[in-house]
Structures are given as C-alpha cells and as structure tokens.
Amino acid sequence: MKRSGQLNRRQFLAAAGTAVASAPYLIPSGVLAARGRSGASERITTAHIGVGGRGSKLLRETKGFQEPGLVNIAAVCDIDRSRLARALEQAGAGVMPYHDYRYILERKDIDAVVIGTPDHWHGVQVVHAAECGKHIYCEKPACCTIEEGKAMVASVKENKVAAQIGSQGRSQPEAYLAHRYLVNGNIGHIRRVDCFHYPSPEDKNPVPDSDPPAELDWDMWLGPLRWRPYNKRYCHGTFRWLLESGGGQIRDRGAHVMSCAMWWMGADGTGPVTIEATGTPPTKGLWDSAVLMDVTYTFRNPDWVLTWRQMPNDQLPPAEERRPEELNNEIRKITRPGYGAIYRGDRGEFIHWGGDGGTWAERKARNWKLPAGGRDVYRSPGHFEDWFNGIKTGAKTIMNIEAGVGAANLCILGNLSYILGRKLEWDQAKQTIVGDEAAQRMMSRPQRHPYHL
Amino acid sequence: MSMNNLSRKSLAAGAAGLFAAPAGTARPETVDELIARIRDASDKVRTEAWLNAGKAGAPAVKPLAKVMTDNDLEVARAAKRALWKLVRDAGRPRAGRQTRAVEAELIGLLGDDQAVLVRREALWMLSEIGGRNSIKPVAQLMKNAELREDARMSLERIPTKRAITALKARFKAAPEDFKAHIAQSLRKRGEQVAGYPCRKLAPTRKTDLKPL
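Chains as they are written, first to last, in this note's numbering: chain A, 2 to 454; chain B, 3 to 214.
No wet-lab data here; the hints were simulated from the structure. Heads up, some of the hints might be wrong.
Stated by the list, open to error - Which stretches of chain B does chain A cover? Using the computed rule of at least three CB atoms under 8 Å from a CB of chain A, they are:
| hint | region |
| --- | --- |
| 1 | 47-58 |
| 2 | 79-91 |
| 3 | 122-132 |
| 4 | 151-160 |
| 5 | 181-188 |
| 6 | 198-206 |
Stated by the list, open to error - What follows is a list of derived Cβ distance ranges for each label pair:
| hint | chain 1 | residue 1 | chain 2 | residue 2 | range |
| --- | --- | --- | --- | --- | --- |
| 7 | A | Glu322 | B | Pro30 | 52 to 60 Å |
| 8 | A | Asp212 | B | Pro30 | 41 to 49 Å |
| 9 | B | Lys212 | A | Glu426 | 51 to 59 Å |
| 10 | A | Asn232 | B | Lys138 | 30 to 38 Å |
| 11 | A | Glu322 | B | Asp34 | 51 to 59 Å |
| 12 | B | Asp42 | A | Pro325 | 51 to 59 Å |
| 13 | A | Asp212 | B | Ala78 | 17 to 25 Å |
| 14 | A | Ala430 | B | Ala171 | 32 to 40 Å |
| 15 | B | Ser44 | A | Asn232 | 21 to 29 Å |
| 16 | A | Gln316 | B | Lys46 | 16 to 24 Å |
| 17 | B | Ala38 | A | Glu203 | 20 to 28 Å |
| 18 | B | Ser44 | A | Asn368 | 48 to 56 Å |
Said to hold, decoys possible - If you want the ones that stay clear, here's a sample from chain A, every Cβ over 10 Å from chain B, calculated:
| hint | residue |
| --- | --- |
| 19 | Glu68 |
| 20 | Arg192 |
| 21 | Phe300 |
| 22 | Gly358 |
| 23 | Gly395 |
Here a beta-carbon is modelled for each residue, glycine too, at the ideal position from N, C-alpha and C.
Turn these sequences into a full structure, and let the hints guide you.
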C-alpha cells in the first residue's frame with residue numbers, strides 16, 4: 002500500500018477533490034500549511050481501539066501518516082494492560098491510554114477512531130463511535146451478525162460519518178489492474194467466481210479452562226458475547242477460529258477475497274438468493290469453525306455464482322512465478338499464494354492471489370493496456386488515504402459501510418448454512434433469511450449488558 | 003497456467019464424506035449407540051458421532067446432557083456439539099412436532115438438578131427454537147444469580163409477545179442491579195422503559211497507565 006509519507010499534500014487534496022459534489026465532513030480552516038504538510042486544523046485526530054495484533058499494525062500504519070501531518074494520534078485503548086503499554090510506547094509521547102473505549106468516544110477533540118478489536122466487538126463499537134460522531138476505520142469483517150450489519154449501516158448513515166472497513170485488497174495496485182482488466186471484457190461475460198483458501202486450523206493441543214492472565218480484562222474481552230470461563234485458546238488472535246467470535250477463514254479472509262469479487266463484479270449492494278454450505282469440523286479442541294468448507298452463493302439478475310472453498314493445501318492452484326524484471330514498487334513477488342479467486346468468463350479465465358494487503362493479479366491483467374475508449378476504474382490512493390478523502394470531502398469510501406457489511410454478510414450466511422446444515426434463501430431487499438424461523442433468529446445474537454448495539 | 007486444477011466439484015463435501023454415518027448402519031442409530039460413540043476414545047469416532055446426531059431427536063437430549071459434564075474434556079465437548087446438532091436439526095422448517103419435543107426435553111434441563119453449564123447451554127438452545135412453552139421456565143431462571151443474564155438474553159430472542167410480557171414481569175420484580183439489564187432487552191423488543199436509561203456509552207473502567 003502507498004504510505005502517506007509518499008503522498009504530499011497536493012496529491013492528497015487532488016485525490017480528495019474527486020468527489021466535489023459531496024459535502025465535506027471536516028472543513029479546512031484555511032490556515033496555510035507548510036509546504037507538503039497539512040495545517041493543524043486539517044489534521045485528523047485519531048484514537049486507536051484495540052492495539053494488539055492487527056490493531057498494532059494499524060497503529061504503525063497510522064504513525065506513517067503522522068509525520069507528514071495528516072493525522073494526530075491522540076489516544077490508544079486496549080483491555081489487555083500489556084498490549085496497551087506496548088502501544089503507548091509505539092504511539093509516543095502525549096498519547097493518552099485508555100482501558101475503556103467509551104472514554105475516547107466522550108472526547109470532543111477526537112475526530113476518528115481506528116478499530117482493531119476482535120470481530121465480536123466491531124458491530125457494537127462502530128455503532129457507538131458513529132453515534133458519537135466519530136469517523137471510523139474498522140478492521141474486517143465488518144460484523145458477526147446480520148443485525149449488527151444493519152445497525153452499522155443505519156448509524157453511519159444517520160450520523161453522516163465516513164467509515165472504511167479494512168478489506169484493503171480493494172486499494173491495492175494490482176487490484177486496480179485486475180478490476181480494469183475484468184470490466185473491459187477480457188475474459189468475456191463472467192458467470193462464476195471460485196474463491197479458494199487453505200484450511201482453517203485445528204487446535205492440536207486443547208487446554209482446560211483456567212483463570213485469565215492478570216493483565217487481561219476477560220469480561221470486557223468477551224464484551225457482547227455470552228459469558229464463559231477463560232480458556233487461553235480464545236485469545237489473542239485465535240478468536241478467529243471460533244464461529245461466534247471470528248468465524249474461521251471464511252470470515253477472516255472471505256471478507257477480503259469476496260470483497261474483491263463484489264467490487265470487480267459490480268455487485269456491491271446486491272446479494273445472493275441462495276446460500277448452501279458444507280464443511281468438515283475440527284475433531285477436537287475449542288475451535289469450531291470449519292476446517293474444509295464449500296459454500297455456493299447463487300445470484301440472480303444478473304445471474305452468476307460465487308463459491309468459497311477451503312481446501313487441502315495440495316489442491317490449491319499454484320502461484321504464478323514472477324520474473325525479476327517484472328518486479329517494482331507496485332508489482333511484487335507473491336508471498337501469500339494460499340488464497341485468491343478464479344474468475345470464469347465465457348472467453349477465458351483470470352486468477353488472482355491474496356486479496357488483502359497482498360493482492361496479486363495474473364500476468365495477463367498486469368500487462369494489459371487500457372485502449373482508447375476503454376473503461377477505466379477508480380484507483381484508490383491507498384486504503385487509509387481513501388478514508389481520509391472520505392472524511393474530508395464526504396466522498397464514499399472504497400470499502401464503505403454498506404460494502405463492508407455486504408461482504409461480511411456473505412461470510413455470515415455461509416457459516417449459518419454450515420452450522421444449520423441446510424440451504425438458506427436470502428431476500429437482499431429485506432435483508433432477511435426467508436422461510437426458516439430458526440435461521441432468522443440466528444441473524445441476531447442477544448448481547449450482554451451493557452455491551453450492546 | 004492452467005486454471006483447471008481447481009475442480010468445480012465440491013471438495014469439502016467430498017471431505018465431509020469422511021464423517022458419514024458408520025458403514026453398515028442402515029437402521030437408525032440408537033441413543034445408547036450414539037452415547038457410546040460420543041464417549042469413544044477416538045477423535046474421529048466422536049466427531050462422526052456428533053455430526054450424525056441431528057436425527058437422534060428428543061430421546062437423546064438428556065443422555066447427551068449427562069455426558070456434557072464428563073471429566074474428559076473432549077468427550078464432554080462432543081456431547082455438547084451433538085446436542086447443538088440435534089437442536090439445529092429440530093429447528094429446521096416444517097419440523098414442528100420434533101421441534102416441540104426437543105424443546106420439552108431442553109426445558110427439562112433447566113432444573114436445579116442439572117449442572118450450571120448444562121442449564122446455560124439449554125437456555126441458549128431454547129433461544130433458537132423455544133416457543134411459548136419455554137417462556138415461563140426461562141423467565142424463572144432470571145431469579146438465579148448465575149444464570150439470569152443468559153436467561154434474559156434467551157427470552158429476548160424468543161419472538162413472541164409472551165416473551166415481552168415475561169420480561170416486563172421480571173423487570174418489576176428484579177433486584178435493582180439487574181433492572182438495567184432487563185430494560186435493555188425490553189428496549190430491544192421495542193418497549194419504552196422509564197427510569198433506567200441506556201448505559202451503553204457510559205465508561206466505567208480506567209487504566210492505571212499514564213501517558214509517556
């Protein structure tokens with residue numbers, strides 16, 4: 002991703018000007034900034050909620066924008082004291098530490114929050130932040146339930162804040178090349194997209210429940226989830242392999258790979274009419290997300306099929322070998338070949354690997370030149386930069402809340418079909434499962450007091 | 003590069019065949035057989051057993067609940083997963099009679115004679131398939147200090163007016179420290195609640211760390 006250090010103020014504002022018709026959220030004061038450096042009133046004051054694991058990387062990335070004066074990091078927050086202490090060191094002098102993110106939401110000087118908490122907190126924290134008027138960058142997947150997604154979309158719209166979901170694959174240089182290649186009909190009409198991914202892990206060494214470590218506020222880690230005793234296989238990071246908190250690879254990486262599919266297929270705002278999943282569970286341990294998985298989403302008007310498959314490593318398509326002379330600042334070696342998607346058109350196929358911070362397009366798309374009269378597509382200046390643009394101009398972000406929730410809903414519905422062991426019908430307009438009352442109940446999940454939407 | 007190395011046929015479905023019903027069992031598995039396989043020492047056998055527990059129906063509910071407290075963590079876990087499988091199968095569309103039979107057995111797991119972990123799990127299972135018969139026994143557990151929060155959430159999810167009526171009744175009688183919890187459920191169900199404003203944005207926990 003292009004870092005802010007490489008983006009001067011003129012470039013940034015030029016990018017920001019792409020949506021002149023939109024109402025800006027932050028009004029620049031008119032104070033002249035030093036050359037290449039934003040004025041104080043143009044800086045976005047951020048707070049970081051959840052600063053371990055992925056949250057730590059988001060903090061580091063945001064730090065890169067602090068030097069050129071695009072942001073001012075004011076606060077960090079975590080319910081793990083050790084992680085909070087490390088983040089405080091990382092963030093630097095003057096940054097305020099918090100245990101409870103709601104103190105941050107009370108601060109009027111904070112413009113925006115960067116949320117890097119476990120997935121089961123995303124819905125609640127996005128809604129709360131929006132209700133407090135904060136702009137939001139939230140890690141993917143956007144939500145854990147259909148109900149959370151609805152509430153997130155409603156609160157972001159109602160409070161007119163800019164939200165960016167962290168499916169940053171859309172903002173990668175090769176994602177632009179792939180998108181442009183596909184929409185110009187190079188493989189003809191696309192009727193099928195097959196996403197592939199290596200399996201979710203199994204817990205080979207289960208452990209019994211125990212007392213939580215002293216530095217961890219277990220109750221607040223659980224937050225909206227039903228209470229249960231601590232087990233060190235829940236966290237940190239490993240929450241991803243539990244259906245209720247992380248959802249397995251389909252929600253972790255599906256929110257990336259399927260996000261690209263929805264973007265490139267022009268399918269944001271649409272949804273499948275049926276979802277059918279099968280899978281194999283772990284044979285022991287706490288984690289319960291499917292190890293192998295096969296989900297088929299059927300779309301209508303236009304008709305196409307999207308599949309998500311977690312498959313044995315030896316069945317994954319091989320990664321394209323890249324010649325040294327091809328590599329540059331934007332075109333890099335494929336370092337994560339274990340996931341991606343195959344686009345099947347009536348005149349050929351196209352494959353990409355990755356789909357998150359690493360997105361690699363097949364050579365033929367990289368080498369393709371846009372002809373005169375060809376259709377160009379939006380080229381994101383970078384995922385954070387695109388968000389800043391949204392904050393400053395009101396322009397819709399590339400992974401806006403509707404798109405983020407739409408991608409997450411695919412993951413949620415796939416898991417629901419797997420859990421229930423039956424095909425589901427989905428009404429996109431009404432945002433509801435059809436004809437299955439038990440499945441409808443599972444579109445939401447009661448939340449513990451007071452950690453609720 | 004060939005794109006055809008990713009087969010279009012269902013890979014996971016093929017892998018799921020690894021966990022198909024045991025060979026040669028044309029007749030339905032008895033509850034005793036199911037329990038024996040849930041208790042098996044082999045991870046694979048236990049997994050096969052719980053994956054195929056869906057059709058065991060109401061008669062298997064109490065025996066499985068008993069195994070949920072087994073000293074062997076993996077056996078207990080397999081029993082819990084089998085019970086969930088059974089509940090999800092019972093909740094399928096047009097399964098009315100089976101749903102109610104399983105519901106009745108789950109209600110039987112809410113009593114004082116059951117371990118807390120079993121009662122808690124039963125509350126959540128009833129949140130998915132419980133109907134009018136579940137309302138009173140679930141609401142009753144809102145008086146239980148250990149289980150009241152799970153009971154509240156279970157009741158919140160059961161989509162009947164009776165559930166709202168029960169929440170209102172418990173709200174009136176609840177101790178002061180629990181009223182805000184029930185108020186949350188009532189608001190979620192579209193009810194107005196006076197005197198107990200939403201606390202979701204009220205911070206409560208401070209850190210002892212200081213800025214650098």
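> Which hints from the list above does the structure break, by number from lowest to highest?
Replying inline: When the structure is compared with the hints, none of them turns out to be violated.
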